[in-house]
Amino acid sequence: MTPEGCREELRNVKIKVLTDIFKANDAVAEKNRAKFRRSELAVFNLIGSPGAGKTSVIEVAIGRLKRNYRVGVIEGDIATSRDAERIAKLGVEVLQINTHGGCHLDANMIESALGKFAYESLDLLFIENVGNLVCPAGYALGEDAKIVVISVPEGHDKPAKYPLIFRNASLMLLNKIDLLPYCNFDVDAMKRDALGINPALDVIPISCTTGEGVDEWVSWLEKRLQRRNERR
Amino acid sequence: MHELSIASNLIEIVKHAIEGQEVSRVTSLRLVIGAMSSVLPDSLAFAFEVVSKGTVAENARLDFDKKPLVGRCLDCGGEFPIRDYLFRCRECGSPKVELVTGKEFFLESIECE
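Residue numbers (numbering that gives the first Met the number 0), protein chains in the order written: chain A, 0 to 231; chain B, 0 to 112.
Hints are computed from structural coordinates only; laboratory data are not their basis.
Glycine included, C-beta positions come from ideal geometry on N, C-alpha and C.
Check before you lean on any hint, since a few could be wrong.
DSS-like mimics (lysine-lysine), calculated; alpha carbons at most 25 angstroms apart, straight line [what the hints assert, rightly or not]:
hint : chain 1 : residue 1 : chain 2 : residue 2
1    : B       : Lys66     : A       : Lys22
2    : B       : Lys65     : A       : Lys160
3    : B       : Lys95     : B       : Lys66
4    : A       : Lys15     : B       : Lys14
5    : A       : Lys115    : A       : Lys88
6    : A       : Lys13     : B       : Lys65
7    : B       : Lys95     : A       : Lys190
8    : B       : Lys66     : A       : Lys160
9    : A       : Lys160    : B       : Lys95
10   : A       : Lys115    : A       : Lys65
11   : A       : Lys15     : B       : Lys52
12   : A       : Lys22     : B       : Lys14
To list a few chain B residues with every Cβ distance to chain A over 12 angstroms, as calculated [unchecked claim]:
hint : residue
13   : Phe45
14   : Glu48
15   : Val49
16   : Thr54
17   : Glu57
18   : Asn58
19   : Lys65
20   : Gly76
21   : Gly77
22   : Glu78
23   : Pro80
24   : Val99
Next up, chain A with everything else stripped away, as it sits in the complex (with noise of 0.2 angstroms):
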């Protein structure tokens, strides 16, 4: 967009501004980002609605990625520390970040929250946006990759209704597949739906009750780390 301050005044009436409305978070993201570069770490913005799942695949993948990689966890709810005290127990940094009625995470949010937490150390940073499926595909944090997390009984209809967050993430997991014999969700539906409107989605149905996808999904991880490793 065009950088703020190329206003220029029209007679006495119209000023021009075209300054991006996100353009505030956008560069507070960029500023983050290259927190995160420094320190050479690995960020992923876990994005769903309530219940999706995504302290479930967060946890799953932790258990089996936190013997080789330095994994930490920030947590972006409306209220409780729920989520948090959940990943605690796994024994990796966390931080809860409560929004108290906000409906996503922003990025001064996690800037604010970095100066808490001690960030440099890590390899892997998970970030879980407040349950929401609308505001967060608006709002870069300094990410590498957007993860949505979808689970079977939301529906399969989820990426025709909600399209931006699939446009702008980089992988659907598809949680909760141990209940498709429950649901009717009809899965290839929802995989044409979610690739046209991105092509370069990865997609990888799992289930944590089951274990079933858990290795996909912590081998698309690691690859993401081994790229970062290789950038160094």
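Using the hints provided, position chain B relative to the given structure of chain A.
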């Protein structure tokens, strides 16, 4: 859903834009808004009405210039409207499609007295 925080951002951008200019009142704002910006004009207008109370932009009108979703094929170069969020070239079927318009969300200009 986040129209309230966007409305507050808008007020800040407006205040910044009129700094150092002789403006008694902002009468309207022209916003360019893409079909895929996930911002709802009606709720933004409502949020703006609430947030602008007592500021220089109180009672200002919001005008929306809505941009449709238009894609450009990176393989054959064709431009086409994107329907049903299908990011696939309507001519050659390529999935390599970039957005020409539809993701915009910016304040184009303001009118003042």
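Structure-based check of all given hints:
no.	hint	result
1	B/Lys66 - A/Lys22	holds, 19 angstroms
2	B/Lys65 - A/Lys160	holds, 20 angstroms
3	B/Lys95 - B/Lys66	holds, 21 angstroms
4	A/Lys15 - B/Lys14	holds, 13 angstroms
5	A/Lys115 - A/Lys88	holds, 19 angstroms
6	A/Lys13 - B/Lys65	holds, 20 angstroms
7	B/Lys95 - A/Lys190	holds, 17 angstroms
8	B/Lys66 - A/Lys160	holds, 19 angstroms
9	A/Lys160 - B/Lys95	holds, 22 angstroms
10	A/Lys115 - A/Lys65	holds, 21 angstroms
11	A/Lys15 - B/Lys52	holds, 23 angstroms
12	A/Lys22 - B/Lys14	holds, 15 angstroms
13	Phe45	holds, 16 angstroms
14	Glu48	holds, 17 angstroms
15	Val49	holds, 15 angstroms
16	Thr54	holds, 16 angstroms
17	Glu57	holds, 17 angstroms
18	Asn58	holds, 16 angstroms
19	Lys65	holds, 15 angstroms
20	Gly76	holds, 18 angstroms
21	Gly77	holds, 16 angstroms
22	Glu78	holds, 18 angstroms
23	Pro80	holds, 15 angstroms
24	Val99	holds, 14 angstroms
Every hint, counting from the list given before, is met by this structure.
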